[in-house]
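K.L.:
My numbering puts the sequence shown at residues 99 to 266.
Some hints here could point you the wrong way.
[Stated by the list, open to error] Simulated pairs of lysine-lysine, DSBU-like, Cα-Cα distance not exceeding 35 Å:
id: 1; residue 1: LYS195; residue 2: LYS151
id: 2; residue 1: LYS195; residue 2: LYS182
id: 3; residue 1: LYS182; residue 2: LYS151
id: 4; residue 1: LYS182; residue 2: LYS264
Worth flagging that the hints you see were computed from the coordinates, not collected in a lab.
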Amino acid sequence: MARSSIRAHVRGEWHVRGNLEGLARGLDGREMSAALLEGARVYARVMRSLAPKASGVLQNAIYAFNAYQSDFAGGKGSRRVRIKLRPNEAMAVASSKVAHLAEFGTHAHRIAPRRRRALALGNGVIVASAAHPGARAHPFWRPALYQGEAEATRAVVSAASTLVEKFD
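Let the hints inform the model, and build the full structure from the sequences given.
P.N.:
Have a look at this one:
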């Protein structure tokens, strides 16, 4: 199989090239990351609207962050995600222990006691083991990616265009 390569040569007046090079040097990673954070915030908002609302634990655990700033508010059942991002990255996360269970559901399974010989159920009954019927999947992550794509793109483009306008 032959290797192919694509080359582009930009030809134009010298001051156009100078402006483009100056723009690349002038853009700070922090500023570009802030533009990307706007898009991540859109995804986080859409995920919150699609997440199961039974207890609110999952909704409180969804937030957006970049290398410099985080929208983490805490809340019961949530934990701060410890991922080191590059300056040109932003992320929306669901930092709850139950996020994957809500997204994909669970199958029926047996629950056995871990530390004791019996389980105490919520109604006061003590049993040797219990049968969990499973939980239906409630997808919120992937649908948010599809539903928020256009709005997130507009948010990033809008924030990035304000950065570029500084150099005009």
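K.L.:
All hints are to be evaluated individually against the structure, with a verdict given for each.
P.N.:
Hint check results:
no.: 1; hint: LYS195 to LYS151; verdict: holds (15 Å)
no.: 2; hint: LYS195 to LYS182; verdict: holds (20 Å)
no.: 3; hint: LYS182 to LYS151; verdict: holds (30 Å)
no.: 4; hint: LYS182 to LYS264; verdict: holds (29 Å)
The structure meets every hint from the earlier list without exception.
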